[in-house]
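Here is what each chain is made of, one letter per residue.
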Amino acid sequence: MAVKHTKKLFIKALNKKFGKDFDLAGQKVEYKRLGPEQNARKREFMEYAKKLEGKRGMTGYNPYVHAGGIPMGQRQLVPYKLSSTEYVVEGDDLHFVNNPAMQQFWDDIRRTIVVGLDMAHEVLQKRLGKEVTPETINNYLEILNHAMPGAAVVQEHMVETHPGLVDDCNVRVFTGDDALADEIDDQYKIDINKLFPAEQAEALKAAIGKTSWQAIHIPTVVVRSCDGGTTSRWSAMQLCMTFIDAYNMCAGEAAVADLAYAAKHAAVLQMSEMLPARRARGPNNPGGLSFGFMADMVQTSRIKPDDPVYVSLNVVAAGSMMYDQIWLGSYMSGGVGFTQYATAAYTNDVLDDFSYYGVDYATDKFGGWAKAPALLETAKELATEVNAYGMEQYEEFPTLLEDHFGGSQRAAVLAAASGITSAIATGNSQVGLAGWYLSMLLHKEGWGRLGFFGYDLQDQCGPTNVFSYQSDEGAPLELRGANYPNYAMNVGHQGEYAGITSAAHAGRVDAFAVNPLIKVTFANPHLVFDWGNIRDCFGKGGAREFRAAGERSLVMPAV
Amino acid sequence: MAYTPQYYPGSTSVGINRRKHMSGNLEKLRDIPEADVTAIMGHRAPGADYSSTHPPLKEMGEPDCPVRQLVTPTAGAAAGDRVRYSQWTDSMYFAPAIPYWRSYWGAINCKGCDPGTLSGRQIIEARERDIEAYTKAQYDSEMTDVALCSMRGCTVHGHSLRLEENGMQFDMLARTEFGADGNVYATKDQVGIPLDKKINLGKPMTEAEAKKRTTIFRADGIPMCGKVGARKYDEAVEALHHMWELRSKWGFRPE
Numbered sequence: 001m002a003v004k005h006t007k008k009l010f011i012k013a014l015n016k017k018f019g020k021d022f023d024l025a026g027q028k029v030e031y032k033r034l035g036p037e038q039n040a041r042k043r044e045f046m047e048y049a050k051k052l053e054g055k056r057g058m059t060g061y062n063p064y065v066h067a068g069g070i071p072m073g074q075r076q077l078v079p080y081k082l083s084s085t086e087y088v089v090e091g092d093d094l095h096f097v098n099n100p101a102m103q104q105f106w107d108d109i110r111r112t113i114v115v116g117l118d119m120a121h122e123v124l125q126k127r128l129g130k131e132v133t134p135e136t137i138n139n140y141l142e143i144l145n146h147a148m149p150g151a152a153v154v155q156e157h158m159v160e161t162h163p164g165l166v167d168d169c170n171v172r173v174f175t176g177d178d179a180l181a182d183e184i185d186d187q188y189k190i191d192i193n194k195l196f197p198a199e200q201a202e203a204l205k206a207a208i209g210k211t212s213w214q215a216i217h218i219p220t221v222v223v224r225s226c227d228g229g230t231t232s233r234w235s236a237m238q239l240c241m242t243f244i245d246a247y248n249m250c251a252g253e254a255a256v257a258d259l260a261y262a263a264k265h266a267a268v269l270q271m272s273e274m275l276p277a278r279r280a281r282g283p284n285n286p287g288g289l290s291f292g293f294m295a296d297m298v299q300t301s302r303i304k305p306d307d308p309v310y311v312s313l314n315v316v317a318a319g320s321m322m323y324d325q326i327w328l329g330s331y332m333s334g335g336v337g338f339t340q341y342a343t344a345a346y347t348n349d350v351l352d353d354f355s356y357y358g359v360d361y362a363t364d365k366f367g368g369w370a371k372a373p374a375l376l377e378t379a380k381e382l383a384t385e386v387n388a389y390g391m392e393q394y395e396e397f398p399t400l401l402e403d404h405f406g407g408s409q410r411a412a413v414l415a416a417a418s419g420i421t422s423a424i425a426t427g428n429s430q431v432g433l434a435g436w437y438l439s440m441l442l443h444k445e446g447w448g449r450l451g452f453f454g455y456d457l458q459d460q461c462g463p464t465n466v467f468s469y470q471s472d473e474g475a476p477l478e479l480r481g482a483n484y485p486n487y488a489m490n491v492g493h494q495g496e497y498a499g500i501t502s503a504a505h506a507g508r509v510d511a512f513a514v515n516p517l518i519k520v521t522f523a524n525p526h527l528v529f530d531w532g533n534i535r536d537c538f539g540k541g542g543a544r545e546f547r548a549a550g551e552r553s554l555v556m557p558a559v
Numbered sequence: 001m002a003y004t005p006q007y008y009p010g011s012t013s014v015g016i017n018r019r020k021h022m023s024g025n026l027e028k029l030r031d032i033p034e035a036d037v038t039a040i041m042g043h044r045a046p047g048a049d050y051s052s053t054h055p056p057l058k059e060m061g062e063p064d065c066p067v068r069q070l071v072t073p074t075a076g077a078a079a080g081d082r083v084r085y086s087q088w089t090d091s092m093y094f095a096p097a098i099p100y101w102r103s104y105w106g107a108i109n110c111k112g113c114d115p116g117t118l119s120g121r122q123i124i125e126a127r128e129r130d131i132e133a134y135t136k137a138q139y140d141s142e143m144t145d146v147a148l149c150s151m152r153g154c155t156v157h158g159h160s161l162r163l164e165e166n167g168m169q170f171d172m173l174a175r176t177e178f179g180a181d182g183n184v185y186a187t188k189d190q191v192g193i194p195l196d197k198k199i200n201l202g203k204p205m206t207e208a209e210a211k212k213r214t215t216i217f218r219a220d221g222i223p224m225c226g227k228v229g230a231r232k233y234d235e236a237v238e239a240l241h242h243m244w245e246l247r248s249k250w251g252f253r254p255e
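Protein chains in written order, with this note's numbering: chain A, 1 to 559; chain D, 1 to 255.
Hints were generated in silico from the structure; no laboratory data involved. Heads up, some of the hints might be wrong.
[Unchecked claim] Cross-link-like lysine-lysine pairs, in silico, DSS-like; alpha carbons within 25 angstroms at most:
1) D:K136 x A:K12
2) A:K380 x D:K227
3) D:K198 x A:K32
4) A:K304 x A:K8
5) D:K227 x A:K365
6) D:K28 x D:K212
7) D:K227 x A:K7
8) A:K28 x D:K227
9) A:K365 x A:K304
10) D:K211 x D:K136
11) A:K12 x A:K28
12) A:K28 x D:K203
13) A:K365 x D:K232
14) A:K20 x A:K32
15) A:K126 x A:K264
16) D:K227 x D:K212
17) A:K7 x A:K264
18) A:K380 x D:K249
19) A:K365 x A:K380
20) A:K210 x A:K194
21) D:K111 x D:K58
22) A:K7 x D:K232
23) A:K7 x A:K365
24) A:K264 x A:K130
25) A:K304 x A:K371
26) A:K8 x D:K58
27) A:K7 x A:K371
28) A:K130 x A:K210
29) A:K16 x A:K28
30) D:K211 x D:K28
31) D:K249 x A:K8
32) D:K249 x A:K371
33) A:K380 x D:K232
34) A:K210 x A:K7
35) D:K232 x D:K212
36) A:K8 x A:K365
37) D:K58 x D:K212
38) D:K212 x A:K28
39) A:K304 x A:K380
40) D:K249 x A:K28
The whole structure should be built from the sequences, with the hints applied where relevant.
Written out as structure tokens, the structure reads:
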């Protein structure tokens with residue numbers, strides 16, 4: 001059952017930001033206007049830019065060209081504490097360009113493809129009369145883990161990739177069939193029984209059944225040179241070559257086409273859908289990534305299933321970074337502003353405080369998670385309470401308001417806490433979404449302002465799509481994603497929607513939100529990013545403690 | 001019987017002030033000269049001709065159009081003025097105006113304008129001589145306190161930041177200053193370009209007066225939902241719950 005949490009969790013972070021004995025509640029302050037020199041990271045940028053001046057032969061970074069010569073830092077430039085962690089980093093460290101963990105997060109998604117084994121085995125057995133046994137599967141997996149990184153099989157005089165550049169590549173299998181799983185060599189297996197709590201393992205195995213699947217992660221360096229659409233092609237070629245080698249096939253026989261079709265189309269699960277032509281992205285790019293898949297990729301649900309808020313907020317962090325900073329902020333918009341929006345949702349324990357407050361309130365009222373009736377009335381009570389509590393915190397602590405200095409930041413955090421509370425209380429993501437929109441309307445009504453251009457399309461019109469089942473807007477939240485019609489542009493929403501999706505299932509202590517194959521694939525302990533501890537891993541990236549894959553220093557002169 | 005618009009629910013001072021802003025029935029607190037308002041807006045030098053984007057309508061030979069016959073053009077439209085803007089930043093610490101209510105005021109009371117509402121700023125665009133008149137109306141009225149509200153075309157942050165020690169809203173570009181004589185002076189235009197002379201905007205409201213005239217609900221002023229453990233919803237919340245529920249059900253449409 002829910003743990004009672006100390007309220008005002010954000011005070012520790014505010015003390016780290018503004019100083020230990022600082023009056024966090026004061027409404028007036030002396031602005032010292034110390035400029036960029038007050039901040040270590042800005043000093044580093046300026047010093048490095050000076051070194052580059054001679055080398056580049058042209059001007060570059062210079063904060064004194066900002067706003068007619070008045071640089072940033074007219075108020076205190078404060079650091080950020082990654083929520084629920086001890087990491088305190090500068091804001092700059094949370095831009096994905098400066099944060100290798102964030103880059104790896106996205107790389108790990110787009111280099112992943114899930115391919116069924118059963119269809120290929122049927123071709124081998126029924127069409128070719130070949131024997132498929134645990135021994136042949138293990139042999140196949142050994143060859144595949146040689147070939148998938150970019151090594152040759154079958155053909156002579158082939159070029160190959162340097163193992164040191166592609167060491168993050170691996171293929172492991174999983175199945176719901178314990179008898180088959182027992183026969184697979186441990187090094188090639190994602191062991192559902194070991195990685196998941198018993199009840200979750202049983203649910204996953206029941207959902208997967210006797211089918212078997214390959215979790216394929218191609219080299220990071222490949223998708224950094226190409227894109228997510230490459231992943232199925234790269235993997236399919238190596239899968240086919242491996243089948244030919246492992247099962248002594250003729251390289252040109254027609255059955256290979258069946259294997260290729262299975263590997264490229266019939267047995268493939270992409271991480272995200274292809275986008276329409278106006279957005280012009282192939283599969284395995286971020287715009288087609290559904291909130292349900294995002295909720296399933298994050299592994300906190302198996303590591304800390306007794307804390308649904310913690311689970312949901314790790315999904316919020318994942319989604320905010322992916323959808324806001326990378327997808328909307330860079331693929332769709334450009335510029336550097338989106339980082340500022342997104343970080344509000346995963347730093348300084350603010351969303352944590354509001355969400356724990358709400359879930360404690362709901363638990364007191366309804367007797368536990370997923371116990372409240374899935375009704376508009378429930379969303380009305382919970383979202384009104386949580387939103388009012390959150391607005392009061394901003395009013396009581398002017399430093400908190402100053403920390404979330406933009407309305408979009410506050411809107412995201414207040415509405416996410418309202419939605420997550422409603423979803424955990426009812427175990428229903430649609431009720432969570434209803435709570436989100438009520439929070440948005442209440443926020444606007446109270447302060448006469450909301451987010452970017454009033455969030456007047458997405459949020460003020462939003463309640464009408466919560467329970468809609470019209471064809472282009474009627475999907476359950478689990479199946480909506482970044483390209484859902486009304487969600488396609490507003491920052492500070494999509495990560496939170498993924499969090500609300502996760503919250504409904506975390507409240508029910510479900511093993512997965514929408515797809516068991518995704519949940520198990522990202523349980524692979526040999527992924528480079530730490531999928532169980534999203535915020536912690538972003539902190540590591542910001543603190544320069546994270547080592548990403550796909551580096552090229554092995555084949556370049558030393559700096 | 002003449003219809004009297006209701007505009008907004010609630011019997012608190014916030015509800016009453018919101019209705020006043022929407023109705024346009026506002027108290028005039030100061031009279032800033034037109035030339036000074038023009039200088040702070042920064043689009044043209046005071047006394048300079050208006051730039052135009054088309055000839056006066058009378059010279060254009062407009063088509064035979066029932067809408068044109070019904071709607072009298074504003075002075076700026078008739079003259080062919082270009083479209084310019086004024087943008088306001090209002091502090092969350094009891095500034096009289098809040099962005100949506102500046103927009104509602106504009107949309108209800110000002111012809112030919114285009115309000116835009118954000119969290120930290122509120123813009124109205126209109127033909128140049130029209131926006132000058134609308135801006136002066138805002139500056140002179142109880143919608144505006146010269147310490148807690150300021151015109152900012154860019155680099156607008158300040159609405160959510162703590163106040164300066166002298167009670168002024170934070171402005172990175174320091175476009176206004178608090179004078180030793182207790183008056184607030186504009187020293188730069190909307191986009192931060194220094195003015196030829198300081199413009200006296202008069203004395204700021206006291207904290208008590210700002211709280212009396214504000215349109216923002218706050219826990220330390222007029223709360224919208226009571227407080228933790230003692231909830232009491234303002235009538236505005238009850239009306240909003242009703243709208244939210246109907247919007248949600250409308251989208252379901254199970255017919």
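To see whether the hints hold, each was checked on the structure:
1. D:K136 x A:K12: Cα-Cα ~45 angstroms, so violated.
2. A:K380 x D:K227: 17 angstroms, holds
3. D:K198 x A:K32: 23 angstroms, holds
4. A:K304 x A:K8: 22 angstroms, holds
5. D:K227 x A:K365: With Cα atoms ~18 angstroms apart, D:K227 and A:K365 stay inside 25 angstroms; holds.
6. D:K28 x D:K212: 15 angstroms, holds
7. D:K227 x A:K7: Since the Cα atoms of D:K227 and A:K7 sit roughly 15 angstroms apart, the hinted pair holds (cutoff 25 angstroms).
8. A:K28 x D:K227: Distance ~23 angstroms between A:K28 and D:K227 Cα, so the pair holds.
9. A:K365 x A:K304: 24 angstroms, holds
10. D:K211 x D:K136: 23 angstroms, holds
11. A:K12 x A:K28: 21 angstroms, holds
12. A:K28 x D:K203: Measuring from Cα to Cα gives roughly 19 angstroms; hence the hint holds.
13. A:K365 x D:K232: 18 angstroms, holds
14. A:K20 x A:K32: At roughly 18 angstroms apart (the allowed maximum being 25 angstroms), A:K32 and A:K20 satisfy the hint.
15. A:K126 x A:K264: 20 angstroms, holds
16. D:K227 x D:K212: 20 angstroms, holds
17. A:K7 x A:K264: 51 angstroms, violated
18. A:K380 x D:K249: 13 angstroms, holds
19. A:K365 x A:K380: 14 angstroms, holds
20. A:K210 x A:K194: 18 angstroms, holds
21. D:K111 x D:K58: 19 angstroms, holds
22. A:K7 x D:K232: Holds. A:K7 to D:K232 sits at ~22 angstroms (cutoff 25 angstroms).
23. A:K7 x A:K365: Measuring from Cα to Cα gives roughly 18 angstroms; hence the hint holds.
24. A:K264 x A:K130: Satisfied, since the Cα-Cα distance of roughly 22 angstroms is no more than 25 angstroms.
25. A:K304 x A:K371: 20 angstroms, holds
26. A:K8 x D:K58: Since the Cα atoms of A:K8 and D:K58 sit roughly 64 angstroms apart, the hinted pair is violated (cutoff 25 angstroms).
27. A:K7 x A:K371: Measuring from Cα to Cα gives roughly 23 angstroms; hence the hint holds.
28. A:K130 x A:K210: 20 angstroms, holds
29. A:K16 x A:K28: 19 angstroms, holds
30. D:K211 x D:K28: Holds: D:K211 and D:K28 sit about 17 angstroms apart, inside 25 angstroms.
31. D:K249 x A:K8: 35 angstroms, violated
32. D:K249 x A:K371: 23 angstroms, holds
33. A:K380 x D:K232: 15 angstroms, holds
34. A:K210 x A:K7: 47 angstroms, violated
35. D:K232 x D:K212: Roughly 21 angstroms between the alpha carbons, so the hint for D:K232 and D:K212 holds.
36. A:K8 x A:K365: 21 angstroms, holds
37. D:K58 x D:K212: 47 angstroms, violated
38. D:K212 x A:K28: Answer holds: D:K212 to A:K28 is near 20 angstroms, not above 25 angstroms.
39. A:K304 x A:K380: Violated: A:K304 and A:K380 sit about 29 angstroms apart, past 25 angstroms.
40. D:K249 x A:K28: Status violated; Cα separation ~45 angstroms.
Hint compliance for this structure: hints 1, 17, 26, 31, 34, 37, 39 and 40 are broken, all remaining hints hold.
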